[in-house]
Amino acid sequence: MLRISNASVFFEGRQRKEIHALDRVSLDISEGDFVVALGASGCGKSTLLNAIAGFLPLTEGSITLNGRPVGGPGADRGVVFQKDTLLPWSTVIDNVALGLKFAGVSRKERHEKAAELLGLVGLADFARSFPHELSGGMRQRVGIARALATEPDILLMDEPFGALDSLTREQMQELLISVWHRTGKRIFFITHSIEEALFLGTKVIVMSPRPGRVVARYDLDFVRRFIETQDVRSIHLSPEFANLREEIRDILHSDHHLAGAAA
Amino acid sequence: MLRISNASVFFEGRQRKEIHALDRVSLDISEGDFVVALGASGCGKSTLLNAIAGFLPLTEGSITLNGRPVGGPGADRGVVFQKDTLLPWSTVIDNVALGLKFAGVSRKERHEKAAELLGLVGLADFARSFPHELSGGMRQRVGIARALATEPDILLMDEPFGALDSLTREQMQELLISVWHRTGKRIFFITHSIEEALFLGTKVIVMSPRPGRVVARYDLDFVRRFIETQDVRSIHLSPEFANLREEIRDILHSDHHLAGAAA
Amino acid sequence: ADKKVVVGYQTDALPSSVAIANGEFATATGYDIDFRKFNSGADVFAAIASGDVQVGYVGSSPFAAATSRGLAVKAFYLASISGIDEALVVRNGSGINSLNDLKGKKLAAAPVSTDHYQLLQLIKSLGLTEKTVQVLAIPQPEIVAAFNRGDIDGGFVWDPALTELKKTGKVLITSKEVAEKGAPTFSAWVVSDKFAKDNSAFLTQFSSVINKYYASFTRDKTAWSAESDNAKALAKLLGGTAEQQAAALNNLNLLTPEAQASAAWLGGGEKSGAAQILKETSQFLKEQGKISEVLPSYAAFVTPDALKATQ
Amino acid sequence: MTVLELNTTAEKGTVASAKKTVRPIGFGLEGRSTTAISIATAIALIALWWLATELKLVPRLFLPSPAEVLRQFVTIFNDGYAGASLGEHVGASLFRIGLAAALAVLTGIPLGLLMGLNRWAKGVLDTPIEFYWPLPPLSYLPLMIIWLGIGETSKISLLFLAMFAPICLSAQAGVRSVSVERANAAKSLGAKPWQLFIHIVLPSALPEILTGVRIAIGVGWGTLVAAELIASTRGIGFLIMSAAQFLATDVVFVGIAIISLCAFGFSFTLRLLEKILVPWKGKS
Amino acid sequence: MTVLELNTTAEKGTVASAKKTVRPIGFGLEGRSTTAISIATAIALIALWWLATELKLVPRLFLPSPAEVLRQFVTIFNDGYAGASLGEHVGASLFRIGLAAALAVLTGIPLGLLMGLNRWAKGVLDTPIEFYWPLPPLSYLPLMIIWLGIGETSKISLLFLAMFAPICLSAQAGVRSVSVERANAAKSLGAKPWQLFIHIVLPSALPEILTGVRIAIGVGWGTLVAAELIASTRGIGFLIMSAAQFLATDVVFVGIAIISLCAFGFSFTLRLLEKILVPWKGKS
Ligand SMILES: Nc1ncnc2c1ncn2[C@@H]1O[C@H](COP(=O)(O)OP(=O)(O)OP(=O)(O)O)[C@@H](O)[C@H]1O
Ligand SMILES: Nc1ncnc2c1ncn2[C@@H]1O[C@H](COP(=O)(O)OP(=O)(O)OP(=O)(O)O)[C@@H](O)[C@H]1O
Ligand SMILES: [Mg+2]
Ligand SMILES: [Mg+2]
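Residue numbers (this note's numbering), protein chains in the order written: chain A, 40 to 302; chain H, 40 to 302; chain E, 1491 to 1801; chain G, 21 to 304; chain W, 21 to 304.
Bound-form chain A, shown alone (with noise of 0.2 Å):
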């Protein structure tokens, strides 16, 4: 189990002031779970994740992962970026291929997988060519594989579909899904679409900015459902489906004029 027990963060901002980027935030996230972090920009979403994937030290609170305190980034704990990360001078495939070849998977083995991963978000033609030749999205997707590609316990994701459109994004959605479904894995999972929280998490926590803290929390099963029925359509459509993205809807607007213009 992963748990976040009273994480706080202050970044040193310009003249001496402080920013407090996250404020005691409590969180666990179990074998299974799907936990979604849903907020304005500037919130602290980033700021969270990084912390989980080791990226970035506590001010106060602590991070444990089965009951060792995170010490820093780990194969453990696969991250998608919210930044382009891939590396220029490596193809494609050898770009998805990285996390195997530092496990010391065969060039052939970790080959095969690799271009099974791009087939899968759909880029099995580029598998060539280089991250600069790819549009914003594919190469999104590229870091989606490559996080995938290591099978790690758990996958940090942030905002990986930001750059779809929304039938890739749906595409993507539901191969993370099937991937989350058949693996068991942990998901931390960073969107700023309501509706893309309430669809895939099982837990969803709702964080203000300035401080960042978390504002609300909720207890989810539309992903289950819909891995029963296969019915998108049907679980956007219900009425509770409506009802809830109403009202987080109505705690993130309550909120804040514009995230960051209040000081």
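In case anyone wonders, no lab produced these hints; they're calculated from the structure.
None of the values given here were measured: they were computed from a predicted structure.
Where is the CB? At the ideal position from N, CA and C, for every residue including glycine.
Each hint should be verified, as a subset may be incorrect.
[As the list claims (entries may be wrong)] For each label pair, taking beta carbons as the anchor points, the in silico distance ranges come out as:
| id | chain 1 | residue 1 | chain 2 | residue 2 | range |
| --- | --- | --- | --- | --- | --- |
| 1 | E | 1614 | W | 123 | 35 to 45 Å |
| 2 | W | 277 | G | 77 | 40 to 50 Å |
| 3 | E | 1574 | G | 167 | 39 to 49 Å |
| 4 | W | 123 | G | 66 | 21 to 31 Å |
| 5 | E | 1776 | G | 167 | 47 to 57 Å |
| 6 | W | 285 | G | 167 | 38 to 48 Å |
| 7 | H | 292 | A | 217 | 40 to 50 Å |
| 8 | E | 1749 | W | 66 | 48 to 58 Å |
| 9 | W | 281 | H | 103 | 28 to 38 Å |
| 10 | H | 103 | A | 282 | 46 to 56 Å |
[As the list claims (entries may be wrong)] Calculated Cβ distances over 10 Å to all of chain W for the following chain A residues:
| id | residue |
| --- | --- |
| 11 | 105 |
| 12 | 124 |
| 13 | 154 |
| 14 | 277 |
[Claimed, not checked] Cross-link-like lysine-lysine pairs, in silico, DSS-like; alpha carbons within 27 Å at most:
| id | chain 1 | residue 1 | chain 2 | residue 2 |
| --- | --- | --- | --- | --- |
| 15 | A | 224 | W | 212 |
| 16 | W | 212 | A | 122 |
| 17 | E | 1776 | W | 212 |
| 18 | H | 224 | A | 122 |
| 19 | W | 76 | E | 1687 |
| 20 | G | 295 | W | 142 |
| 21 | E | 1656 | G | 76 |
| 22 | G | 212 | H | 122 |
| 23 | H | 147 | G | 76 |
| 24 | A | 147 | H | 56 |
| 25 | H | 224 | G | 212 |
| 26 | G | 295 | A | 56 |
| 27 | E | 1761 | E | 1687 |
Since the structure of chain A is provided, determine the placement of chains H, E, G and W with the ligands on it from the hints.
Coordinates of chains H, E, G and W with the ligands only, in the frame set by chain A:
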């Protein structure tokens, strides 16, 4: 008037295969137009925008602005990029004021203007921060403020709101509409959200990939209706809106299984 | 002093160098003299060719090389001729006890020095070639280092390297002896033809000053001992210690002004000693492939005029 | 599916101010000082030197003891050496290096950037630079004397030539690390070519340029002795060579120590400059 | 609001294959060749040289004509110079430079990267490198001889020392341009430290390292004469020095031409290597 006639673009792909990114696209953007391009990931939206911006030569066809062919980038066409292109060595306010600096505006004046725009995008507090101290969505908003600062004739925006949460996104949409309405600027806007396209565009083009071509065009007036009524919800819930959404959805879905997967 | 002249000198210990230190050259000639220190005769000639230097102190080997290439200069004063201030020192334990043991050994001398010339001449006179005796052209500090380390068997050097090598080696032959075997050398003050034409009075006064110090040196040994002010002045100007300077002076082989001005050295045109040495040196350098031409006569590069005028 | 908690009260109430702030875990050194380790190493090296001389591993003539060098330093400091005071020697060398470095920076950076941007500049300047730069200064020293005389001009030119190429080459390489997107963004904001040059290309290339300048200054010091072989009357290189002629190794060591000290000063300034000018490196 | 056209038929039907492809408009040179301009410049420079000698602007002694240099080259090529054939001279120098460069690359890159990553490596190695690197080789030649003799070891060591520092410094600087995000991504993919080193740090720093190597090779050639002052019997530096001392300017020019040619070869190889190894520069 900006006139794109029969624009085709081939990229050199791996193993001597060309990638047909844009296939005979024709499009006019006249005074007061708000043109939105919609389409799957990799369908050539950014390619089209890059060609208009002057970053990319055409293989065939022509692009003229007020009768003169587009030779290269220029201050007459402001660009908001899909990728983060802020200068890491400048503060947020200096990044926003960059175009004004190029135009020879005095330091005081350009900082005033930049501060005002930062207020509009909700980042007044972060004027003296450096880009790497901002969240992904905040950086995107700085990019928007930067493009608005020089008041170009045409704004070219590549998925500008992709990294924004729904609230911020709505606020930014309204901001953009008010700028467009107030100044009568022409806007070419790329998005992967059908709702956003319908809500914002006076003209919407729907593109399909491999080769990238325009498969449908719409003339809309939801945005003008919004300017009159200021009522977002009623527009979104109107049956015309819902019908069009489903129609475009069908066009997009009918096309391909996964964009880029087909050869 | 409205007339200016730049004089290039080297670090050799000469009695007249004291006059550089105390400014007597300037006061005696009435010229504004800028003395510049050079590390080799080749550099002096390069500077003369650039026109920045008008008068310079050089050895006969670079002199021969430069004149053979057509540089218009004249020797007007012979500062010294081959003496015991330069010698071939061989390392104890190198197995060299006489000139007959040189075969197969490694010897060194400073590049384009008169020592290098004499070492090569010596080897030739012994019937050896550079194939059988390896001759390295390396600067003196490096010779001392290589000698101490045992990498070379001997070095043809002058002070202070000479003193240093003698600590762990012995003198095999001196420069004077090599000269007597038919390879004489000299060092001289030279002047560019252009400057000489309009400044003969300067050269005369310059020569007079040298004469004065040379006379003092031959007359009054105590005034030039290690404790003397003169030796200290030399050490301050040139570097090293007063002891080193005094020792070096004692090994010089100086000519009297009269001898220099005579037909035997500067006054005999083509037949004068200096011109002969230049020609022989040039011929030898050509054999060595170092220069490509030997002039028919070197008479144009020596003049006794300044010295004659002092008498 | 139920709302678990809407803990707006429970979690509000900000943590007391003036908190310890954190930074993303950096990469490599990121700010951690190495001064202490460096000083310890320096002390260890001097101790080793002292030991080597104490045990007489190397003849004194070639490796004088630290004490001797210090003594010699005091003597030279008080009495000067070879006709000039220590201050004059150091001053002369610093003046030459400083002026040559300034000239090399002022010409090398713009020319290098231009060569990175412009086909004609590259084509025309490439040949002479690629030609002269690998030439050993000692090999064209006589030519410099002949062409430029024995004054300061030839010395400073020699140093300038030695320093120009590394700066120019790194500026050229720096241009290649300007990202196309960033340049495009600037052009769309109406940047004229010279503005692109100053506001985008120069800062992007700055990290590489600064490395080039550091290397160039090292090369400059390394060329100092060669430059001051030209009929000098003062300068540290001149001091070293004069002393070497007389096998005064202790004086040579004094010269070496002074060069090290000066070079260290330059290097320190440059590191500082790097910290101030390119704090964003690795964060873009 | 009406559907204007649903031109699925009108616009379908692909354009004939084998089309001219385009590339994003690059920045600066981006592939455009400058060879022709460079060659033209070279010819112009030689013509200028010829003119200068023809008009006797400079005494023959100091600027021999192209014809003379060529003649001298043929002579040396046929008969050798100073006791060795031209091939032996060139071979000896190439061997020394090549070996020293290989050693400098093999040690300088890993040590430089390590110094960029590790506090201890940086602290310990910084002092000796900052200390020795600006020292003029001429000032420590005697020390090299005492310690390493007059054989190849000391010459190669001298060249190695001259080349090591630029490579090491640029590798260090290169580490600072590794983006933190990229390193983090690799760590999350399970990269062990040495894998991070090889797969992320090394390629990221490669552009800067290659610039450093180019500069280093230039510095190496520049030090050649100094190195071959150490009791050589062959080598181009030795050839140049022997000739310079006898004012044989034409031979000096032959030597200079040979060095230029060799250096040009090295430089060409490195540029090629850069094109092959870092084609992504400016595109990340
Ligand atoms: N520099 C390039 N070299 C080769 N191929 C390229 C290059 N740039 C784009 N492409 C290709 O052109 C096609 C269209 O790319 P484009 O960036 O226009 O897509 P897009 O519609 O913007 O997609 P997204 O919504 O994912 O950003 C893609 O197949 C891409 O691989
Ligand atoms: N390195 C940093 N230094 C200083 N402040 C930082 C740094 N990184 C983030 N911040 C600040 O922390 C706050 C939270 O940032 P974070 O990136 O977590 O937001 P986010 O929720 O991911 O937003 P978005 O949806 O826009 O990506 C922001 O106010 C940001 O300015
Ligand atoms: Mg974020
Ligand atoms: Mg795009």
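Hints and how they fare:
A hinted range of 35 to 45 Å holds for the C-beta pair residue 1614 of chain E and residue 123 of chain W, which are about 41 Å apart. At about 44 Å, the CB distance of residue 277 of chain W to residue 77 of chain G agrees with the hint of 40 to 50 Å. The given range of 39 to 49 Å is respected by residue 1574 of chain E and residue 167 of chain G, whose C-beta atoms sit roughly 40 Å from each other. At roughly 27 Å, the beta carbons of residue 123 of chain W and residue 66 of chain G sit within the given window of 21 to 31 Å.
In this structure the supplied range 47 to 57 Å is violated for residue 1776 of chain E paired with residue 167 of chain G, their Cβ-Cβ distance being about 28 Å. Checked against the hint of 38 to 48 Å, the pair residue 285 of chain W and residue 167 of chain G fails, with Cβ atoms roughly 28 Å apart. For the hinted restraint 40 to 50 Å between residue 292 of chain H and residue 217 of chain A, the CB-CB distance of approximately 19 Å leaves it violated. Between residue 1749 of chain E and residue 66 of chain W the Cβ separation comes to about 52 Å, which falls inside the hinted range of 48 to 58 Å.
Checked against the hint of 28 to 38 Å, the pair residue 281 of chain W and residue 103 of chain H fails, with Cβ atoms roughly 52 Å apart. About 52 Å separates the C-beta atoms of residue 103 of chain H and residue 282 of chain A, a value consistent with the hinted range of 46 to 56 Å. At the 10 Å boundary, the C-beta of residue 105 of chain A stays outside the reach of chain W, the nearest C-beta of that chain being 17 Å off. A Cβ of chain W approaches the Cβ of residue 124 of chain A within 10 Å, the least distance being about 4 Å, so the stated non-interface status is violated.
At roughly 18 Å from the closest C-beta of chain W, the C-beta of residue 154 of chain A stays outside 10 Å, upholding its exclusion from the interface. At roughly 30 Å from the closest C-beta of chain W, the C-beta of residue 277 of chain A stays outside 10 Å, upholding its exclusion from the interface. For a cut-off of 27 Å, the pair hint linking residue 224 of chain A to residue 212 of chain W stands: about 23 Å separates their Cα positions. Taken as a hint, the residue 212 of chain W and residue 122 of chain A pair is honoured in the structure, with Cα atoms around 23 Å apart against an allowance of 27 Å.
With a C-alpha separation of about 67 Å, the suggested pairing of residue 1776 of chain E with residue 212 of chain W is violated against the 27 Å cut-off. Distance hint between residue 224 of chain H and residue 122 of chain A is unfulfilled; the C-alpha atoms sit about 31 Å from each other, more than 27 Å. Between residue 76 of chain W and residue 1687 of chain E the alpha-carbon distance is near 23 Å, which keeps this suggested pair within the 27 Å criterion. Between residue 295 of chain G and residue 142 of chain W the alpha-carbon distance is near 17 Å, which keeps this suggested pair within the 27 Å criterion.
Taken as a hint, the residue 1656 of chain E and residue 76 of chain G pair is honoured in the structure, with Cα atoms around 21 Å apart against an allowance of 27 Å. In summary, the hint linking residue 212 of chain G to residue 122 of chain H is supported, as the alpha carbons are separated by about 23 Å, within the 27 Å threshold. Our distance criterion of 27 Å between C-alpha atoms is broken by residue 147 of chain H and residue 76 of chain G, whose separation comes to about 70 Å. For the hint linking residue 147 of chain A to residue 56 of chain H, the alpha-carbon distance of about 24 Å falls within 27 Å, and the restraint holds.
Of the supplied pair hints, the one linking residue 224 of chain H and residue 212 of chain G holds, its CA atoms being roughly 23 Å apart against a limit of 27 Å. For the suggested pair residue 295 of chain G and residue 56 of chain A, the alpha carbons sit about 22 Å apart, so the restraint of at most 27 Å is met. About 23 Å separates the Cα atoms of residue 1761 of chain E and residue 1687 of chain E, which keeps this hinted pair within 27 Å; it holds.
This entry does not satisfy hints 5, 6, 7, 9, 12, 17, 18, 23, going by the numbered hints stated previously.
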